[in-house]
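Visitor: Listed below are the residues making up each chain.
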Amino acid sequence: MRTIKFLLQKEFLQIFRNKGMLPIIFLMPMIQLVVLSFAATFELKEVDVHLVDFDRSATSRALVTKMQATGYFNIQSHSQDVDDGIRMMRSNDIQLALVIPQHFERDVTSGSPTSVQLNIDAVDGSTAGLIQGYGRSIIQDFSVEVQPQIKQIQQQRRRAGINIIPANWYNPNLDYIKYMVPGILVVLVSMIGMFLSGMNIVREREIGTIEQLNVTPIKRYQFIAGKLLPFWIIGLFELVVGLLIARLGFNIPFVGSVLLLLAIAGIYLLVVEGIGLFISTITSTQQQAMFIAWFLMVVFILMGGLFTPIESMPGWAQDLTLFNPVAHFIKIMRMVLLKGAGWAEVQHLVGILTLMVVIILPAAIFRYRKSTG
Amino acid sequence: MNEELAIQANDLTRKFGDFAAVDQISFEVSQGEIFGFLGANGAGKTTAIRMLIGLLAPTSGKASVAGFDVYTQAEAIKRKIGYMSQKFSLYTDLTVWENIRLYGGIYGLSEDNIKAKAEELLSSLQLESVRDKRIGSLPLGWKQKLAFSVAMLHEPDIVFLDEPTGGVDPITRRQFWEQIYQAAEEGTTVFVTTHYMDEAEYCDRVSIMVDGKIEALDTPAGLRQAYQADDIEDVFIELARGADRAE
Ligand SMILES: Nc1ncnc2c1ncn2[C@@H]1O[C@H](COP(=O)(O)OP(=O)(O)O)[C@@H](O)[C@H]1O
Ligand SMILES: [Mg+2]
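In order, the protein sequences belong to chains U and S.
Heads up, the first sequence stops at 373 in full-length UniProt numbering, and the numbers go up one at a time, no gaps.
Heads up, the second sequence stops at 247 in full-length UniProt numbering, and the numbers go up one at a time, no gaps.
In short, the hints are calculated from the structure, not lab data.
Where is the CB? At the ideal position from N, CA and C, for every residue including glycine.
Hints are not guaranteed to be accurate.
[Said to hold, decoys possible] A few chain S residues that face chain U, going by a derived Cβ cut-off under 8 Å, partial list only: (1) ILE53; (2) LEU56; (3) ALA57; (4) GLY61; (5) SER64; (6) GLY67; (7) SER89; (8) TRP97; (9) GLU98; (10) LEU109.
[Claimed, not checked] With a Cα cut of at most 20 Å, we get these calculated EDC-like pairs of lysine to aspartate or glutamate: (11) S:LYS143 with U:GLU311; (12) S:LYS143 with S:GLU178; (13) U:LYS19 with S:ASP132; (14) U:LYS370 with S:ASP132; (15) S:LYS133 with U:GLU11; (16) U:LYS219 with S:ASP169; (17) U:LYS219 with S:GLU75; (18) U:LYS370 with S:GLU178; (19) U:LYS66 with U:GLU11; (20) U:LYS19 with S:GLU128; (21) U:LYS339 with U:ASP319; (22) S:LYS80 with S:ASP132; (23) U:LYS5 with S:GLU178; (24) S:LYS117 with S:GLU128; (25) U:LYS19 with S:GLU98; (26) U:LYS5 with S:ASP93; (27) S:LYS143 with S:ASP93; (28) S:LYS80 with U:GLU211; (29) S:LYS133 with S:GLU120; (30) S:LYS117 with S:ASP69; (31) S:LYS87 with U:GLU211.
[To be verified] The calculated label-pair distances, taken between Cβ atoms and stated as ranges, are: (32) S:PHE16 with U:MET1: 23 to 29 Å; (33) S:ASN113 with U:THR372: 54 to 60 Å; (34) S:GLU119 with U:SER371: 29 to 35 Å; (35) U:SER371 with S:ARG245: 22 to 28 Å; (36) U:ARG247 with S:ASP132: 28 to 34 Å; (37) U:ILE282 with S:SER60: 52 to 58 Å; (38) S:GLU155 with U:MET290: 39 to 45 Å.
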């Protein structure tokens, strides 16, 4: 225990003296959290539209005006040929071809069924989804407005509860931040755990200071505890700061228990640190270690449900998620923070993380050698 | 195993692939002896030391240090030895005192003991003035002195010094050898490598290594006599004539 105390003292002195690493450890994650959370939101930018208005009535013009007034749609051109729109979409000039059929005005005012066609460029699936959502809600709104008086009374009775939906669609980015921030916090904690501790060991090997340690009677577990603990503490500290930013800066609700979350983070950090440590035992330079760690990290993040929901991935990819600690912790984070899940709901995920610790950490300690073969 | 012997090596060999960096060396070092391990660059001195102190597994042969086997009891050996590596390996971003405290702590010295030992070492090496300076800012000679004091911190039975005087000025070299004598007088066995042949005269016995093999081993006087040379330098030149690895 005493030995570990001396090692910790040394590590912290070095960490806080390293003017190059300090900002990377403490400042960058916070900047990243703020920037990523804002940048990664699904806010719809102005969509360029080709208009094909076969009705050319006051009502159809009113619809177009309403769409333009939202600021999300910009009528770039119009013609009487739908193919024009498709062509322009192919050359990336527009993202939406809006087709208003003949007799639109007549049908709308008489209450007969009519339809407006939204031809959306769906190469970028998520933007397409947004265009559809925004478009639909504007048109629904519009149809309510132009119903004749008599019908409107009936309509409003029927629609009373539903009218909230468009309001959500107009401003979905706020919800998206709620969804993103917990996930990004996981990424930050993972980077601290996976990169810093492993890299630290490889660095000592590179500059040769590890030799002097290896000729002392220091035990393997002491050495490794001395390397893991500082970044375990820093990882938890950054999570706390990150959570504060989430709460105060982004207004993310803390529905569930933050203490539970921190306890689970403690386990999770051991998993990623174990991976980092393992990488350090199979590499001899910081470059190699960095490359492997990055590779793993990108795979973990892309397949961890940060951006795309795991449920929409192919079956085999979903099965692989079982081995992805990042996926589990993102899920736990969202469940606890946003939905208020408690121990009962997350215990199976915590079980998986614990199992990972029990496998990876001893494996890394076992592989770590004080001598070379 | 002979209790009187600090180090015993028997056909100790280390290969890197097909290349025998250390080729079947055999020697014995008695307790309290200053044993000079001479050889040109690349002769295999560092590799031999690394095997003796449990940093590198031998390919074949036998060796024991402080009565412990290098294959199976490396950790027990580490409690008995001090090591100053050829490549400076203390923490340059920590101060002199912080380095001493760290290693004192790792070797299990009490806080008081660490303080007392640090003061004693710093004053005998005239390093008191830089106690709170980061090592990175010190000149090489001072760094080497410090590495020596860290190697001696826990009063080891045997100390391995790998080219302690490499690249330092003559005055510091002189001081070094005074320290080495003092350590030997206090009963520490000193295993020291060097390629300064004049330093060989300070040793009780020297071995001369050429291309991984020990070509001669005797007292400095014995060697001069056997090779009818004026000094060890001439002995060395005679032996190294056929070497392949000289740089
Ligand atoms: N890890 C290694 N892999 C391959 N060759 C090595 C390794 N370590 C040392 N050598 C080679 O072994 C020889 C002896 O090196 P070394 O023991 O460092 O010599 P010395 O300390 O006497 O200068 C050199 O030719 C060196 O290149
Ligand atoms: Mg050497």
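Visitor: Is 54 to 60 Å right for how far apart the beta carbons of ASN113 of chain S and THR372 of chain U are?
Guide: Once the Cβ atoms are compared, 32 Å apart, the range 54 to 60 Å for THR372 of chain U and ASN113 of chain S is violated.
Visitor: Taking 20 Å as the top limit, are the C-alpha atoms of LYS219 of chain U and GLU75 of chain S close enough?
Guide: The hint holds at about 9 Å.
Visitor: Lying within 23 to 29 Å: is that true of the beta-carbon distance PHE16 of chain S to MET1 of chain U?
Guide: violated, 39 Å
Visitor: Regarding ARG247 of chain U and ASP132 of chain S, is the given constraint of 28 to 34 Å on their beta-carbon distance met?
Guide: At 42 Å between Cβs, range violated.
Visitor: Could you grab the alpha-carbon distance between LYS5 of chain U and ASP93 of chain S and see if it respects the 20 Å cut-off?
Guide: At roughly 19 Å apart (the allowed maximum being 20 Å), ASP93 of chain S and LYS5 of chain U satisfy the hint.
Visitor: Would the hint on ILE53 of chain S stand, with a C-beta cut-off of 8 Å toward chain U?
Guide: Since the shortest Cβ distance to chain U is 5 Å, the answer is holds.
Visitor: Between the alpha carbons of LYS117 of chain S and ASP69 of chain S, is the straight-line distance 20 Å or under?
Guide: Not satisfied, since the Cα-Cα distance of roughly 30 Å exceeds 20 Å.
Visitor: For the pair supplied as a hint, LYS117 of chain S and GLU128 of chain S, is the alpha-carbon distance within the 20 Å limit?
Guide: Since the Cα atoms of LYS117 of chain S and GLU128 of chain S sit roughly 12 Å apart, the hinted pair holds (cutoff 20 Å).
Visitor: If you draw a straight line from the CA of LYS143 of chain S to the CA of GLU178 of chain S, is it 20 Å or shorter?
Guide: Roughly 17 Å between the alpha carbons, so the hint for LYS143 of chain S and GLU178 of chain S holds.
Visitor: Measure nothing beyond the straight line between the CA atoms of LYS143 of chain S and GLU311 of chain U; if it is 20 Å or shorter, mark the hint as holding.
Guide: Given that 20 Å is the threshold and the Cα spacing comes to 60 Å, the pair is violated.
Visitor: For a C-alpha distance cap of 20 Å, please report whether LYS370 of chain U and GLU178 of chain S respect it.
Guide: Not OK: LYS370 of chain U and GLU178 of chain S at ~32 Å, beyond 20 Å, violated.
Visitor: Take a quick look at whether LYS87 of chain S and GLU211 of chain U sit within 20 Å of each other, Cα to Cα.
Guide: holds, 9 Å
Consistency note: the structure conflicts with the earlier hints numbered 4, 5, 6, 8, 10, 11, 14, 16, 18, 19, 20, 21, 22, 23, 30, 32, 33, 36 and 37.
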